[in-house]
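Peer 1: Using the sequences and the hints given, assemble the complete structure.
Those protein sequence lines, which keep their order, are chains A and B. Counting from 1, position 130 in the first sequence corresponds to residue 134 in my numbering; the numbering is continuous, with no gaps. Counting from 1, position 177 in the second sequence corresponds to residue 181 in my numbering; the numbering is continuous, with no gaps.
Note that these hints are calculated values from the structure, not bench results. Fair warning: this is a prediction, and the values are worked out from it, not measured in the lab. Errors might be hidden in some of the hints.
Negatives, chain A to chain B, calculated, CB over 12 Å [what the hints assert, rightly or not]: (1) N61; (2) T72; (3) T194.
Taking beta-carbon pairs under 7 Å as the criterion, some of the chain B residues facing chain A (in silico) [said to hold, decoys possible]: (4) A64; (5) S89; (6) R267.
Every residue, glycine too, gets a C-beta built ideally from N, C-alpha and C.
Protein chains: 2
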Amino acid sequence: MNVTGHTRRPASIRDVATAAGVSYQTVSRVINGHPSVRPATRERVLAAIEELGFRRNATALALASGRTRTVTVLTANTTHYGYASILQGIEESARAASYAVGIGVLESAEDAAVAAEVQRATDAGGGIVVIAYDPAGVRALGAVPEGLPVVGVVETPASPPGGDSPWVWTDDREAAYQATRHLLSLGHETVHYVAIPSSTRRTSARTSGWRQALKEAGAPEPRPVQSSWGPAGGHAAALKLARDPSVTAILCGNDDLALGVLRALHETGRAVPGEVSVAGFDDAPHSAFLTPSLTTVRLDFTGLGRAAFALLHGALEESAPVAPHPVSVPELVVRESSGPPPSGS
Amino acid sequence: MNVTGHTRRPASIRDVATAAGVSYQTVSRVINGHPSVRPATRERVLAAIEELGFRRNATALALASGRTRTVTVLTANTTHYGYASILQGIEESARAASYAVGIGVLESAEDAAVAAEVQRATDAGGGIVVIAYDPAGVRALGAVPEGLPVVGVVETPASPPGGDSPWVWTDDREAAYQATRHLLSLGHETVHYVAIPSSTRRTSARTSGWRQALKEAGAPEPRPVQSSWGPAGGHAAALKLARDPSVTAILCGNDDLALGVLRALHETGRAVPGEVSVAGFDDAPHSAFLTPSLTTVRLDFTGLGRAAFALLHGALEESAPVAPHPVSVPELVVRESSGPPPSGS
DNA sequence: CGCATGAATGTGACCGGTCACACAAGGCGC
DNA sequence: GCGCCTTGTGTGACCGGTCACATTCATGCG
Numbered sequence: 005m006n007v008t009g010h011t012r013r014p015a016s017i018r019d020v021a022t023a024a025g026v027s028y029q030t031v032s033r034v035i036n037g038h039p040s041v042r043p044a045t046r047e048r049v050l051a052a053i054e055e056l057g058f059r060r061n062a063t064a065l066a067l068a069s070g071r072t073r074t075v076t077v078l079t080a081n082t083t084h085y086g087y088a089s090i091l092q093g094i095e096e097s098a099r100a101a102s103y104a105v106g107i108g109v110l111e112s113a114e115d116a117a118v119a120a121e122v123q124r125a126t127d128a129g130g131g132i133v134v135i136a137y138d139p140a141g142v143r144a145l146g147a148v149p150e151g152l153p154v155v156g157v158v159e160t161p162a163s164p165p166g167g168d169s170p171w172v173w174t175d176d177r178e179a180a181y182q183a184t185r186h187l188l189s190l191g192h193e194t195v196h197y198v199a200i201p202s203s204t205r206r207t208s209a210r211t212s213g214w215r216q217a218l219k220e221a222g223a224p225e226p227r228p229v230q231s232s233w234g235p236a237g238g239h240a241a242a243l244k245l246a247r248d249p250s251v252t253a254i255l256c257g258n259d260d261l262a263l264g265v266l267r268a269l270h271e272t273g274r275a276v277p278g279e280v281s282v283a284g285f286d287d288a289p290h291s292a293f294l295t296p297s298l299t300t301v302r303l304d305f306t307g308l309g310r311a312a313f314a315l316l317h318g319a320l321e322e323s324a325p326v327a328p329h330p331v332s333v334p335e336l337v338v339r340e341s342s343g344p345p346p347s348g349s
Numbered sequence: 005m006n007v008t009g010h011t012r013r014p015a016s017i018r019d020v021a022t023a024a025g026v027s028y029q030t031v032s033r034v035i036n037g038h039p040s041v042r043p044a045t046r047e048r049v050l051a052a053i054e055e056l057g058f059r060r061n062a063t064a065l066a067l068a069s070g071r072t073r074t075v076t077v078l079t080a081n082t083t084h085y086g087y088a089s090i091l092q093g094i095e096e097s098a099r100a101a102s103y104a105v106g107i108g109v110l111e112s113a114e115d116a117a118v119a120a121e122v123q124r125a126t127d128a129g130g131g132i133v134v135i136a137y138d139p140a141g142v143r144a145l146g147a148v149p150e151g152l153p154v155v156g157v158v159e160t161p162a163s164p165p166g167g168d169s170p171w172v173w174t175d176d177r178e179a180a181y182q183a184t185r186h187l188l189s190l191g192h193e194t195v196h197y198v199a200i201p202s203s204t205r206r207t208s209a210r211t212s213g214w215r216q217a218l219k220e221a222g223a224p225e226p227r228p229v230q231s232s233w234g235p236a237g238g239h240a241a242a243l244k245l246a247r248d249p250s251v252t253a254i255l256c257g258n259d260d261l262a263l264g265v266l267r268a269l270h271e272t273g274r275a276v277p278g279e280v281s282v283a284g285f286d287d288a289p290h291s292a293f294l295t296p297s298l299t300t301v302r303l304d305f306t307g308l309g310r311a312a313f314a315l316l317h318g319a320l321e322e323s324a325p326v327a328p329h330p331v332s333v334p335e336l337v338v339r340e341s342s343g344p345p346p347s348g349s
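Peer 2: Right, dumping it as structure tokens:
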């Protein structure tokens, strides 16, 4: 029940116009800050707006102007820490720019389902951000019709990142390189790699950063172990690796994987970092509190989301500030899970 | 560059009408499945729709019909596992019902900021779901103007949950009760409780479930330790508790807290579960892989999100199926972190 | 056979804004 | 004092749909 008796239809500019004794166009001018409105008139209109509690109808605005001020985020998942952080970053920037944020979950990577989601995002108008770290995301990014404003949050840019390519990414190669070098510098003969699924057919940036560090150090290059995204994958992968006593250092494609690896090493009785060192990727919030706490590379997902929005915003409006990929550099965080290899080795 | 040369304006129903040689109204009838359209006409219209690639403009539809088919989720955070899962559940149901999902993050609990977010959500039209587990969410829920379709995902229903109260919740009381009983049944004299911040001034359901179990068992009731949401809070709280040798069982308000508690116990050299048992809440994906793996109570957040949408959907459309709070019952998951108290105790 | 009835379709107004243009009043140059 | 430009304001059409009502034509029935 409403104080005023019943819920009344919200005031439109014509209601305001009548109340202020002007035409609706004048009201429109006032709300849009048009210069040529006499101060006295402006005052009257503003008073009427205040009194009637007028708010500009977003739907009508979108229909008339053609601009939706909306960004739709397409993602395969909202619960993964990285994805959720990117979303949060996008929302933060979008809110500051008075954009609405929509979200679409790509439940399957099947073409029809992906196409349907892209359609829905397209129907919403405005811009699209696709988190393309996984097959579903990659397909979605590919399925966006040419000419639409879209930004992909990708593992690696698909072509030379010159100019205004519609992608943002973190320097995963550098991150993997740093982590691998860290482990090698502790004295490990080589570093094994448990990989997250690659979104493309090409070698992932993480893999190549790892590989480069090994090559530079003249370390043997073991086959990367392909795994999944979650702890279960890391667990399974590490159960195999643990059987090989020569394995003393494991780099994991993300912190979830590392968690599973830690668990598997514990189950097989291999001490971390005494016998085996483990490093992750992402610096998820729980990684610092694991036992042992996890050495990892911190990636600024929130910043990545902000960058994605900035890029989109620039494409959508001339006036928007075109931030040049200000994604911060990955930062190695050394914790307990990495140490020198067993001396007897 | 587009195949057709340049991006053309999408086809409207009038374009389709012209192509099919009928009036725009007939096209409208066809897309809305109105019965009285001659099959031959319908065919022609459908062919024109297909040929022109017509898609109904969501903005125009919203403006004309007044119905937005949108649900906006207001939340303080997108990265917490529980919140993110609820969001995912809402999105899932919304997608099935062809609703768009918008998201607004309540960055601060400050009144003005919360009010602004609620306004934005209101402007979007459609329904609102507020995740009201924290002060920001609770305020947002309170700030939603009377009469608007809104559903709160709350810790505890504010008033007798009879009829069609616009809230969904999990049975936290039962969950805490189960976990506490489990610990007591292992032989612990009592169970200490590290609480997440309560969203309301009243005693939280989790607290009262814990309390009831203690009372029924005739166990002494220690003061609950107020903490924060994240692992850091649990860590700090447990550092204090660890000093007291009589503490042999700790129930934590969520799994993140439990993670911090485990870490603190490790740091202070208290074995889990040898000396101290720990149980959490939520069953986050990583909890099963911790060392020791975490005994916890599984809550169906995704189902909660689905229930929230179902309730909203029912309020928004007569035809919608009104699912009666089908949130699944919390389920105790016993893992390694809980066991009998030290025998010498 | 005339008229009521219903099916099939079309017309105009409307949702709440914006945009392009018309128009009145006032200041300035000549 | 006339034209012209500028300032302030109003009018009409439009965005792409929906809704209420009008119209046409075939049909059924008394």
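Peer 1: Decide, hint by hint, whether the structure agrees.
Peer 2: So, going through the hints one by one against the coordinates:
1. N61: At about 8 Å from chain B, N61 of chain A fails to clear the 12 Å cut-off, so the statement is violated.
2. T72: violated, 7 Å
3. T194: For T194 of chain A, whose nearest Cβ neighbour in chain B is about 26 Å away, the distance exceeds 12 Å, so it holds.
4. A64: holds, 6 Å
5. S89: holds, 6 Å
6. R267: holds, 4 Å
Comparing the model with each numbered hint stated earlier shows that hints 1 and 2 do not hold.
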